[in-house]
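Student: If you want the building blocks of each chain, they are given just below.
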Amino acid sequence: MSNWLQNMPTAEAYGLNKVLFELHHKPDDLAAYLGDKEAYLDRFALTGRARAAIRDNDVAALYLAGANPYLLRAHCIGIKIPEPVSVGALKALAGKN
Amino acid sequence: MAEIVAIHAASHTPVMLNFPDAIAASEREEIFAGFRAMGAAIAAARPQALIVLSDDHVHNFFLNNLPALCIGAAPQYPTPVEHWLKAEKRILPGDAALGAYLLSRLMESDFDPALSMELTLDHGVLAPLELAGVARDIPLVPILINCVQPPLPTMRRCHAFGVALGRALRTYPALERVAILATGGISHDLATPRMGMVNEAFDREFLRLLEAGDAAGVVKYSTEHVHEAGNGAEEIRMWLAAMGAADGAHFHRHYYRAVPNWYTGIGIGEWKA
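Sequence order for the protein chains is R and F. So for the first sequence, the numbering used here puts the first residue at 1; every next one is plus one. So for the second sequence, the numbering used here puts the first residue at 1001; every next one is plus one.
Since the hints were made in silico from the structure, they are not lab data. It cannot be assumed that every hint is accurate.
[Said to hold, decoys possible] With a straight-line cut-off of 30 Å between C-alpha atoms, the simulated DSSO-like cross-links for lysine-lysine are:
| id | chain 1 | residue 1 | chain 2 | residue 2 |
| --- | --- | --- | --- | --- |
| 1 | R | Lys80 | R | Lys26 |
| 2 | F | Lys1220 | R | Lys37 |
| 3 | F | Lys1086 | R | Lys26 |
| 4 | F | Lys1089 | R | Lys37 |
| 5 | R | Lys37 | R | Lys91 |
| 6 | R | Lys18 | F | Lys1089 |
| 7 | R | Lys26 | F | Lys1089 |
| 8 | R | Lys96 | R | Lys26 |
[As the list claims (entries may be wrong)] Sample of chain F residues facing chain R (criterion: CB under 10 Å; computed from the structure):
| id | residue |
| --- | --- |
| 9 | His1059 |
| 10 | Leu1063 |
| 11 | Val1081 |
| 12 | Trp1084 |
| 13 | Ser1104 |
| 14 | Gln1149 |
| 15 | Leu1190 |
| 16 | Pro1193 |
| 17 | Arg1194 |
| 18 | Thr1223 |
| 19 | Val1226 |
| 20 | Asn1231 |
| 21 | Glu1234 |
Ideal Cβ positions, reconstructed from N, Cα and C, are used throughout, including at glycine.
Bound conformation, chain R alone (with noise of 0.2 Å):
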């Protein structure tokens, strides 16, 4: 049991915890991510499938892709993910791994 999924983030996971940071902390970020998300996901390089995780709000995908957990916490209450829509998806995830 390790409290880490990644314990060095992949490249792929560097990408996509770089947009959930910016997104956060840039002063027009998210108005700008949630005014046109593919124009602002279109800055970054990104694969596939950690663009669509975010783009989808896949909060169990995000988490499987390795986003740092503080940066896909704060994301969701960020963006207003409703909590049992983000902790459940998470649990869900429970005895699959």
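Start from chain R and add chain F according to the hints.
Tutor: Coordinates of chain F only, in the frame set by chain R:
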């Protein structure tokens, strides 16, 4: 020379500010009373500066540049950095001179903390100060330990860092009274399939070992069992550092409750000579 007049430790979570009503009013009031008591004790010790041992939750630091240890040396700290945190935006006073002094002394002690002259503090510093009622009065020196993205500094290293920190503080010539607040943990887990887990047995054993004053035992237990207590439990590094700084002072547990609906084992305690 400065005296360390108070050393406290307490859990933190943004839920305390964002979703306080997720738990029963009686439970919440009991926890908030524990934080107020801690704040009253800190205020009564009349510190001229407060060292806050905490972690940056990937706000000031990102995967492009992530220090294992960082000491703030700024005259002020805006907070909170989280746009989604339910907390009033304000600027907390800092003690830049003390931060700079600690950096130099800890370098001389063969530690290599990063320097930051500009930090926007997150809930890990703000939430406990806010609940304790000491969020604007005492100049701060934030010391941030990476507990949020492996590879993490070892439990042993964090305890040893605390020992060196305590020694450095006691040699500081410019103030007479300083205090330490360590904040984080105890068991919790965020954004994984275990989210919501609180490992009460882990928390109680951790607190018992602190009360027993067994530094080697705390380090060993923390190292061997932290993965049973969740990714948020990695924040016990701050408690280990405080234990090191306390230089053998006795730990008193003031409060513990497993609070699954706040996703956290909430502990509050203090080292007293």
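Student: List, from low to high, the hint numbers that the structure doesn't satisfy.
Tutor: 2, 8, 13 and 18
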